[in-house]
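Using the sequences provided together with the hints, build the complete structure.
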Amino acid sequence: MKPTEKNHPPQIDTARLIARRKRQDLVFNILGVVCMLIGVVTLGALLFDLAADGLSLVNWQFLTSYPSRRAASAGVLSAWVGSLLLMLVTVSLAVPLGVAAGVYLEEYARKNWLTTVIEINIANLAGVPSIIYGLMALGVLVYQFHLGETLLVGGITLALLILPIVIVATREALRAIPNGIREAAYALGATRWQVVKDHLIPYSAGGIATGTIIAMSRAIGETAPLALIGALTFVAFLPPAPVQSRFPFVNFKWLNSDFTALPIQMFNWVSRPGADFQHNAAAAGLVLIIMTLSLNAAAIAIRYRLRKRIKW
Amino acid sequence: MVTDLAATAAPPEIKAEIKALSFFYGEHQALKNIDLALPVNAVTALIGPSGCGKTTLLRCFNRMHDLYPGNRYVGEIVLRPGNLNIVSPRVDPMEMRLRVGMVFQKPNPFPKSIYENVAFGLRLKAIRDRQLIAERVETALRSAALWDEVKDRMEQSAYTLSGGQQQRLCIARALAPEPEMLLFDEPTSALDPAATAHIEDLIYQLKDRLTIVIVTHNMQQAARVSDETVFLYHGEVIEADKTSTMFENPSKELTSEYLTGRFG
Chain A
0 MKPTEKNHPP QIDTARLIAR RKRQDLVFNI LGVVCMLIGV VTLGALLFDL
50 AADGLSLVNW QFLTSYPSRR AASAGVLSAW VGSLLLMLVT VSLAVPLGVA
100 AGVYLEEYAR KNWLTTVIEI NIANLAGVPS IIYGLMALGV LVYQFHLGET
150 LLVGGITLAL LILPIVIVAT REALRAIPNG IREAAYALGA TRWQVVKDHL
200 IPYSAGGIAT GTIIAMSRAI GETAPLALIG ALTFVAFLPP APVQSRFPFV
250 NFKWLNSDFT ALPIQMFNWV SRPGADFQHN AAAAGLVLII MTLSLNAAAI
300 AIRYRLRKRI KW
Chain B
0 MVTDLAATAA PPEIKAEIKA LSFFYGEHQA LKNIDLALPV NAVTALIGPS
50 GCGKTTLLRC FNRMHDLYPG NRYVGEIVLR PGNLNIVSPR VDPMEMRLRV
100 GMVFQKPNPF PKSIYENVAF GLRLKAIRDR QLIAERVETA LRSAALWDEV
150 KDRMEQSAYT LSGGQQQRLC IARALAPEPE MLLFDEPTSA LDPAATAHIE
200 DLIYQLKDRL TIVIVTHNMQ QAARVSDETV FLYHGEVIEA DKTSTMFENP
250 SKELTSEYLT GRFG
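From first to last, the protein sequence lines stand for chains A and B.
If you're matching positions, the first sequence starts at 0 in numbering that gives the first Met the number 0 and goes up one per residue.
If you're matching positions, the second sequence starts at 0 in numbering that gives the first Met the number 0 and goes up one per residue.
By construction, these hints were calculated from the structure, which means they are not laboratory data.
Note that beta-carbon positions come from the ideal geometry of N, C-alpha and C, so glycine has one too.
Incorrect hints may appear among the rest.
Subject to a maximum C-alpha distance of 25 Å in a straight line, what follows is the list of computed BS3-like cross-link-like pairs (lysine-lysine) [what the hints assert, rightly or not]:
(1) B:LYS251 - B:LYS206
(2) B:LYS150 - A:LYS307
(3) B:LYS105 - B:LYS150
(4) B:LYS18 - B:LYS206
(5) B:LYS251 - A:LYS307
(6) B:LYS31 - B:LYS251
(7) B:LYS150 - B:LYS124
(8) A:LYS110 - A:LYS196
(9) B:LYS241 - B:LYS18
(10) A:LYS196 - B:LYS124
(11) B:LYS105 - A:LYS196
(12) B:LYS241 - B:LYS251
Between beta-carbon pairs, the in silico distance windows are [claimed, not checked]:
(13) B:ALA133 - A:LYS307: 56 to 64 Å
(14) A:TRP112 - B:ALA125: 34 to 42 Å
(15) B:ARG71 - A:PHE251: 48 to 56 Å
(16) B:ARG71 - A:LYS307: 22 to 30 Å
(17) A:VAL32 - B:GLY162: 50 to 58 Å
(18) B:PHE262 - A:ALA122: 42 to 50 Å
(19) B:THR259 - A:ILE11: 47 to 55 Å
(20) B:GLU154 - A:LYS252: 27 to 35 Å
Far from chain B by the CB rule (all over 10 Å, computed), these chain A residues [as the list claims (entries may be wrong)]:
(21) LYS110
(22) VAL127
(23) TYR185
(24) ALA186
(25) TYR303
(26) ILE309
Here it is, written out as structure tokens:
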């Protein structure tokens, strides 16, 4: 029997329905592309602007010179070394503290109102403006403890700033581990610490690394808290080298050194009159971006290695 | 509930004896006053409809409930030799878990190499001798009938194995520290029939060496692998007997209704 329209009215509707849904699909597709382009084009324009202003200045001489009163001979040596050492202090403080806190909250702490309050506040801390951290560091570390305007203080400030990000990333990474893995380890007679050390931390290392990358990218560009604690804007010396040829081969004198950082240097140059220093600022910005990207690349490489060891 | 496991002519040697055991998830009582004896070197199957407490009972044997807050045991599970009351708060679960191993419903190998999966339990027992660890890993993998399939790929990830192989790896991992008792929580429910048959064979062979408790919702599986069967319903033991007796001639109406599939 030949089907008639009367017998099968839904067929017509189906065709129209599909056409309508395809239109919706197309609309969202276009919308998505537009949204993505807004982001990418803005970023591209920013980079292009920086590069147009500063690329010609970024050379070996710029990277190995101290700041100077003459724009032509000024460089960012003390600034990028300062930023690098600052990141070293920040990451080596924030990662152990953040991971330990995250592991405690996720694996050890009893779930009660107190831990709930702490959890909510850690999430809130991530949203506190960075200048508040600078104010705190100035009041406590510089005025109360007389630690001075040093790399150590800068590092502690930035570490506190990114600590919530590391804690949250650690907890997310731990939550992603199937509970069956924990039960399997406990069932073999492992203590909580053995489960954490042999299983949970290795398996969550990739996620923790991702969080650390994000946190580091934020910290390296921070200007306000460093300006507040009094990072210098004109530093014509390098901190003492962290490594030495004599035993014990490392020293920590550099922690007590005054410092500047790339964003501070940039800010200083931007606020000067005259086009020459504006170009210097753009070049310093480029160096900052390149440095951020290379640190991220290094962190991603480390994460890749960590993930390869974990064979899901 | 009175059980008649011991009502046979020659009473079998008992591995673990449950005395008036109740268990609470917070306020909810999941097990009610259970008395039971598990004969040594035998397979005891726990059966019953979903939510009857069979997995809850199994997880009492290695104190898995301790991992989650608000759980409470009342009564005793006496493990022999040594008359150790497993569920006593004075007994350290870490120590007791070295004697009672567990295989879970879903294969849960660690995301490490095949070798490291089996070696982990040995390292927990503070065995440092590499030679000894290698020997014990091989023995455990042979016991789990997995050695021939993995001996050339010990450094590969456990996740490169099939589901059935992963579950046998989990059995090998549980066997390596040489426990006295092994708990199986529906070990084949995530596996295909061939892999299921493989695991069942394995359970049958393993009972020569240790005491096995298996939770299953598959009645045929209980009939195939177990010597003793315990039927639980609403947290109570309705009937416990030799598997053959229970399946051919259950003494309780409820048991026979469950076994013939009228509920559950």
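Against the structure, the hints:
no.	hint	verdict
1	B:LYS251 - B:LYS206	28 Å, violated
2	B:LYS150 - A:LYS307	22 Å, holds
3	B:LYS105 - B:LYS150	24 Å, holds
4	B:LYS18 - B:LYS206	24 Å, holds
5	B:LYS251 - A:LYS307	56 Å, violated
6	B:LYS31 - B:LYS251	18 Å, holds
7	B:LYS150 - B:LYS124	23 Å, holds
8	A:LYS110 - A:LYS196	22 Å, holds
9	B:LYS241 - B:LYS18	20 Å, holds
10	A:LYS196 - B:LYS124	16 Å, holds
11	B:LYS105 - A:LYS196	24 Å, holds
12	B:LYS241 - B:LYS251	14 Å, holds
13	B:ALA133 - A:LYS307: 56 to 64 Å	24 Å, violated
14	A:TRP112 - B:ALA125: 34 to 42 Å	40 Å, holds
15	B:ARG71 - A:PHE251: 48 to 56 Å	52 Å, holds
16	B:ARG71 - A:LYS307: 22 to 30 Å	44 Å, violated
17	A:VAL32 - B:GLY162: 50 to 58 Å	41 Å, violated
18	B:PHE262 - A:ALA122: 42 to 50 Å	48 Å, holds
19	B:THR259 - A:ILE11: 47 to 55 Å	52 Å, holds
20	B:GLU154 - A:LYS252: 27 to 35 Å	45 Å, violated
21	LYS110	7 Å, violated
22	VAL127	32 Å, holds
23	TYR185	6 Å, violated
24	ALA186	4 Å, violated
25	TYR303	16 Å, holds
26	ILE309	5 Å, violated
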